[in-house]
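Produce the entire structure from the sequences given, and follow the hints as far as they go.
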Amino acid sequence: MDLVDIDTNASGPHPQPPGCDTGATHSVTALYDAHAVPMIRIALLMLGDRAAAEDVVQDAFFALYRRWPKLMDPANAEAYVRSAVFNGCRDALRRQARRDRRDRATAWSWQDAGSAEAVALIGEDRRRILDAVRRLPDRQREALVCRYYLEMSEAETARAMNISRGTVKSTTSRAVAALGRILGEGQC
Amino acid sequence: MLENETNLTEETAAAMRELARTVTYAPPLRLAPRPEERALRRAPRRWPLWAAPLTAMAAVIVLAVSLVVIRDIPNGRVAPPARPSPAADGGGPASASPGRTAVTTAPTVAHTRAGTPPTTTVPATAPATNTAPTPTTSITFVPMQTATGGEFLTPSGNIECQIDSQAGLAGAYCQTTTPARSVTMNAAGRYTVCTGLQCLANAGDGTPTLFYGTETGVGPFRCETARTGVTCTADGRGFLISSSGITPVPA
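First to last, the protein sequences are chains A and B.
Per my numbering, the very first residue in the first sequence carries number 1; after that it's consecutive.
Per my numbering, the very first residue in the second sequence carries number 1; after that it's consecutive.
Everything labelled a hint here was simulated from the structure, so no lab data went into it.
Each hint should be verified, as a subset may be incorrect.
Label-pair ranges, simulated between beta-carbon atoms [said to hold, decoys possible]:
1) Arg-181/A to Pro-27/B: 36 to 42 Å
2) Ala-155/A to Ala-59/B: 49 to 55 Å
3) Pro-48/B to Glu-185/A: 54 to 60 Å
4) Asn-76/A to Thr-55/B: 36 to 42 Å
Residues of chain A placed beyond 10 Å of chain B at every Cβ, according to the derived structure [to be verified]:
5) Arg-67
6) Pro-69
7) Asp-73
8) Glu-78
9) Arg-82
10) Arg-90
11) Asp-138
12) Ala-155
13) Glu-156
14) Arg-165
No residue lacks a Cβ here, since even glycine has one placed at the ideal position from N, Cα and C.
This is how it looks when you write it as structure tokens:
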């Protein structure tokens with residue numbers, strides 16, 4: 001499975017913390033250079049918040065760094081990080097839900113997702129779609145990200161979400177139906 | 001309906017990709033927990049309840065094993081064992097001439113340099129004076145090879161003697177090749193006789209010949225050669241060795 005739009009970003013050199021294993025540092029840094037942007041994109045789609053997405057990805061790579069000596073197969077590091085990103089997103093969404101319930105501040109816009117200039121380039125129709133995606137339950141949104149953004153198969157999505165293929169199918173179907181309903185609500 | 005759903009999924013995927021493309025860089029990697037994560041971390045894990053008794057049990061086992069191991073370690077000697085001297089081996093009258101007084105009556109086995117053949121120890125005569133023999137004017141005194149001892153052969157080559165005055169090794173040894181017999185004497189003049197081929201040792205290469213009528217020795221030991229044999233004494237007593245046998249001196 002390939003991640004879409006994999007960029008090798010130009011985020012500059014990464015400082016090496018003192019007292020850390022050099023081999024793990026180099027390996028994790030190289031993985032970060034190769035996969036950080038795609039992972040942030042996934043997290044952004046899940047969370048709708050660029051800063052939160054970056055934090056989730058940072059935490060995922062830090063977790064990988066800590067587990068590096070115990071990692072049986074470093075070739076699975078990418079899958080491990082992606083799984084960690086999804087888990088981090090779920091945790092972040094739960095925390096966000098608690099905050100929302102507490103603060104009653106549910107107003108949210110994709111304008112918060114990234115730089116204003118970049119988001120402004122997204123067309124109105126697609127922004128409505130993204131808003132609708134944002135209103136979906138977390139599991140349905142995750143299924144949509146896996147199936148339509150990451151272009152995973154049902155089996156791959158099932159492994160990533162740790163659910164059965166049938167559940168993937170039904171969850172995706174319900175997500176699309178819900179999207180249609182949400183988008184239809186705005187049309188008279 | 002299906003077409004609408006397909007369009008919707010395609011539009012959704014396109015919208016997601018468009019949003020994703022707004023991310024073009026990633027901040028530098030931090031390989032350390034975020035401050036808020038550090039704050040959320042639990043306090044250091046406490047020892048489980050079963051750890052203390054388990055640790056104590058392990059310590060007791062280690063201690064017990066250590067004691068067993070230590071007990072089985074043999075004690076090292078502080079000083080090397082003393083070289084058994086012929087006199088220390090005791091002995092009884094064997095080839096001594098009649099009239100000698102034995103210090104001990106039971107014959108014992110003594111070690112000689114050619115092995116451990118059965119030997120008998122002959123006590124020196126008593127009482128004796130503690131004055132060391134001094135060379136007389138009629139006999140030529142020849143110093144030994146070293147300050148602590150040396151060896152010599154008689155002109156016939158049948159008698160070979162060695163003298164060593166080093167502490168712990170002090171003694172005079174003489175042998176006759178024919179008959180095969182040797183004698184070892186300590187600094188007190190007590191000597192041990194050994195009979196048989198097993199009692200002999202080859203003389204070293206270049207062993208000098210001590211002519212008849214000459215005397216040599218170091219420390220308390222003195223040996224004098226004569227046609228009748230070699231007389232070695234220490235502390236005023238000793239033996240005469242010749243092809244006819246070993247006899248105590250003074251007779």
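Violations among the numbered hints: Failing hints: none at all.
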